[in-house]
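Q: Sequence:
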Amino acid sequence: MAIGLVMYIIWRFWEAFTGQGTDGTMSNKANFFRYRLSPFVSGCVYAVYSYYIFEILIQASEQEQQQKAASDSFPQSWDSTALGRAGLALLGIAFIIATITQIVNAITGNFAPDMRPMGKWEKRILMLLGRIGFAGRALTFGTLSGLFWDTLANPQQNHASGRQNMVAKAISKLADSRGGRFFMMLLGVTLVIYAVFAVANAYYKLFPTPPPSRQPKFESMQNDEHRLQATPEDYQPHKHRERIVAEIEAHRHSGASSSMERVQSQPEPLREVPDAITTTATTNTTTARDSQRQSVRTAPAPA
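Per my numbering, residue 393 is the first one in the sequence shown, and the count goes up by one each step.
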């Protein structure tokens, strides 16, 4: 667990220093806060937790571990100063925002575009796991936010709990009631489902994760643009071949239709004039000539 936490910290700092995921359609300020400052702060928080965990692990005895956890544990150690209480308030607000974002992920399933192309049933199962898992994360972040606000509201009770730190005391409260035990069981099941979803992401998710607009800001990331814009058919050769064959057949049919239209649009050749019409025209011509000759014969001679 400690090794996995260290690896995650390295990953978050790598994202912060390289600007991984920087979107070409966003402003520099928005990219800085989302793709540099946010992962850097996340890495620092996990680094502090790691330091605290390793310090607890190297204590000589279980009694020293309990005393350390009770006296110096976060957030219990922050409620003694004004600056610490302000920090707890900010963390409470931050976890409320995180709860809302996790709820949005669970409802909309907006994590789907960051997944590799897959089969229909694979996608359905992965989407279901993701929605339930993000709902569990929302419950977790909401619970943590409530613990922060409870620490601010009752600082004296937290210090009067002796060796029991704030998190342990909150768990004890939940375990004393049937509803609390059901909530803890529901929270545990959803987090296990999210763990399965996170493990599946190691295979199905695109790494490095592309920006939302699929337009990387840095030139070093633009070399992979063809991969980010690839269609599912590009990852399935038989589908790709079927699409090409369909396009060729459509082109052939369209070419044949165009040829038929050109033939039909040409004027028809002149047909032979019927014999009756030819005979009538010849008779009319002969009659006109005879009338002209007769008129010449009957004309009076000049004086």
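It is worth saying that the hints were derived from the structure and are not from the lab.
A hint or two may mislead.
20 Å max Cα-Cα, derived EDC-like pairs, lysine to aspartate or glutamate [to be verified]:
1) Lys597 - Glu447
2) Lys565 - Glu407
3) Lys597 - Asp415
4) Lys597 - Asp542
5) Lys565 - Asp542
6) Lys421 - Glu407
Q: Under the criterion that the straight-line Cα-Cα distance not exceed 20 Å, is the pair Lys597, Glu447 satisfied?
A: violated (34 Å)
Q: Taking 20 Å as the top limit, are the C-alpha atoms of Lys597 and Asp542 close enough?
A: Given pair Lys597, Asp542 is violated - Cα atoms ~37 Å apart, limit 20 Å.
Q: For Lys565 and Glu407, compute the direct alpha-carbon distance and say whether it is at most 20 Å.
A: Between Lys565 and Glu407 the Cα gap is close to 39 Å, so the pair fails against 20 Å, i.e. violated.
Q: Assess, step by step, whether the Cα of Lys421 is no farther than 20 Å from the Cα of Glu407, and give holds or violated.
A: Satisfied, since the Cα-Cα distance of roughly 16 Å is no more than 20 Å.
Q: When you check the alpha-carbon spacing of Lys565 and Asp542, does it fall within 20 Å?
A: Answer holds: Lys565 to Asp542 is near 13 Å, not above 20 Å.
Q: Quickly compare the C-alpha distance for Lys597 and Asp415 to 20 Å and report which way the hint goes.
A: holds (18 Å)
In summary, the structure is inconsistent with hints 1, 2 and 4 from the numbered list given earlier, while agreeing with the others.
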